[in-house]
Amino acid sequence: MGEALDYVQKTGLEAVEVSTGNYPGDAHCKIDELLDSKEALKRFKEEFKKRNIEISALSCHGNPLHPEESIARNHREITRKTFVLANRLGIERVALFSGCPGDSDSSKYPNWVTCPWPEDYSKILKWQWEEKVIPYWQEEAKFAQEEGIEKICFEMHPGFVVYNPETLLKLREAAGKAIGANFDPSHLFWQGIDPIAALKKLKGCIYHVHAKDTKIDDYNTSVNGVLDTKSYGDEINRSWIFRTVGYGHDASFWKYFISTLRLCGYDYVLSIEHEDSLMSANEGFQKAASFLKEIILKEKTGEMWWA
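Numbers given in my numbering equal positions in the sequence shown, counted from 1, plus 71.
To be clear, the hints were calculated from the coordinates, so they are not data collected in a lab. Don't take each hint at face value.
In silico DMTMM-like links for lysine to aspartate or glutamate, alpha-carbon gap of 20 Å or less [as the list claims (entries may be wrong)]:
1) K364 x E354
2) K116 x E74
3) K203 x E244
4) K272 x D288
5) K179 x E244
6) K301 x D288
7) K81 x E139
8) K116 x E163
9) K203 x D176
10) K179 x E202
11) K197 x E244
12) K116 x E85
13) K213 x E201
14) K203 x E139
15) K109 x D265
16) K326 x D338
17) K120 x D176
18) K121 x D174
19) K101 x E139
20) K248 x E354
21) K272 x E237
22) K113 x E163
23) K194 x E217
24) K286 x E346
Computed from a prediction, not measured in an experiment: that's the story for all the values here.
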């Protein structure tokens, strides 16, 4: 981890989002070791402190609602441990996915419902929310708050039941104000959602932000639409691909995005997420950092001196 933090520090970044397991893995944070050993926890904290780097959030993106019990159980365990670890580290944000159940208790795979008809789908969706989603997250929100975590940051991600502002707010209404957004515009662009409008809709519950871009291929989208199950590696044939910030939308958009974040009361970290398959890990990260440094707003505004 020290080598990774040195790299981050050299790039001039001030904060990192640290994964504790589930889909992103635990390369830099062995959660059981940190929970079992006060000395290990102390050393972990010191690695960040001596470099003056903040942990913006712990992340444990998984599917705690997976119909395969062994998968759900493992993801739920990591999620709860992450809430506990965040408490011990003095971190108030945990980023994650809502998850997605199957269509019944006997399902083997998740079932992401995207249309209301035939009526089977509406019945599935109703069952998922009433029997699985709301009960689970009501309980988890309570557990998180007992651990002092008041900001559970849901990444609105297709494939999971929370994938847009409407579904996020539905869960927030059911499970409480600890539920908020880990706002990643890359998953909204291709759905036809305007991230600026989405920010305004979610004002007051934007808890963490990912800086990642998406490029829509106009030709492929004109032919096939935006629902695309082709491999992310089949870039030339896909309707859209993830890009490093600035390579899907220009600086004008990102300046508007950052300004709107401030208007909506969010003045915290932009967490670079690099999933650009056309760039190396190093090049994509460096380009993102350089791009954002030029347009982020760092200083407090103070009083209007002209009015």
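To see whether the hints hold, each was checked on the structure:
1. Pair hint K364 plus E354 holds up; C-alpha atoms about 15 Å apart against a cutoff of 20 Å.
2. The suggested pairing of K116 with E74 holds, with an alpha-carbon distance near 15 Å, which does not exceed 20 Å.
3. Restraint check for K203 and E244: the C-alpha separation of about 16 Å stays at or below 20 Å, so the hint holds.
4. With a CA separation close to 27 Å, the supplied pair K272 and D288 exceeds the 20 Å bound.
5. Restraint check: the Cα-Cα separation between K179 and E244 comes to about 29 Å, which exceeds 20 Å; the hinted pair is violated.
6. For a cut-off of 20 Å, the pair hint linking K301 to D288 stands: about 14 Å separates their Cα positions.
7. The suggested pairing of K81 with E139 is violated, with an alpha-carbon distance near 43 Å, which exceeds 20 Å.
8. A C-alpha spacing of about 15 Å is found between K116 and E163, which places the hinted pair at or below 20 Å, so the restraint holds.
9. For the hint pairing K203 with D176, the CA-to-CA distance comes to about 10 Å; that is within 20 Å, so the pair holds.
10. A hinted pair counts as satisfied when its Cα atoms are at most 20 Å apart, and K179 with E202 qualifies at roughly 17 Å.
11. The suggested pairing of K197 with E244 holds, with an alpha-carbon distance near 16 Å, which does not exceed 20 Å.
12. Restraint check for K116 and E85: the C-alpha separation of about 15 Å stays at or below 20 Å, so the hint holds.
13. Between the alpha carbons of K213 and E201 the distance comes to roughly 18 Å, so the proposed pair stays at or under 20 Å and holds.
14. Note on K203 and E139: the hinted pairing holds, with a Cα-Cα distance of about 13 Å set against a maximum of 20 Å.
15. At roughly 45 Å between alpha-carbon atoms, K109 and D265 are farther apart than 20 Å, so this suggested pair is violated.
16. A distance of roughly 14 Å separates the Cα atoms of K326 and D338; the hinted pair therefore holds under the 20 Å criterion.
17. At roughly 46 Å between alpha-carbon atoms, K120 and D176 are farther apart than 20 Å, so this suggested pair is violated.
18. Simply put, K121 and D174 have alpha-carbon atoms about 49 Å apart, too far for the 20 Å limit, and the pair is violated.
19. With a C-alpha separation of about 24 Å, the suggested pair K101 and E139 falls outside the 20 Å cut-off, and the hint is violated.
20. A threshold of 20 Å between alpha carbons decides the hint, and for K248 with E354 the separation of about 38 Å lies outside it, so the pair is violated.
21. A threshold of 20 Å between alpha carbons decides the hint, and for K272 with E237 the separation of about 9 Å falls inside it, so the pair holds.
22. With a C-alpha separation of about 18 Å, the suggested pair K113 and E163 falls inside the 20 Å cut-off, and the hint holds.
23. At most 20 Å may separate the alpha-carbon atoms for a hinted pair to count; K194 and E217 exceed this at roughly 34 Å.
24. Proposed proximity of K286 and E346 is supported: the alpha carbons are some 12 Å apart, at most 20 Å.
Consistency note: the structure conflicts with the earlier hints numbered 4, 5, 7, 15, 17, 18, 19, 20 and 23.
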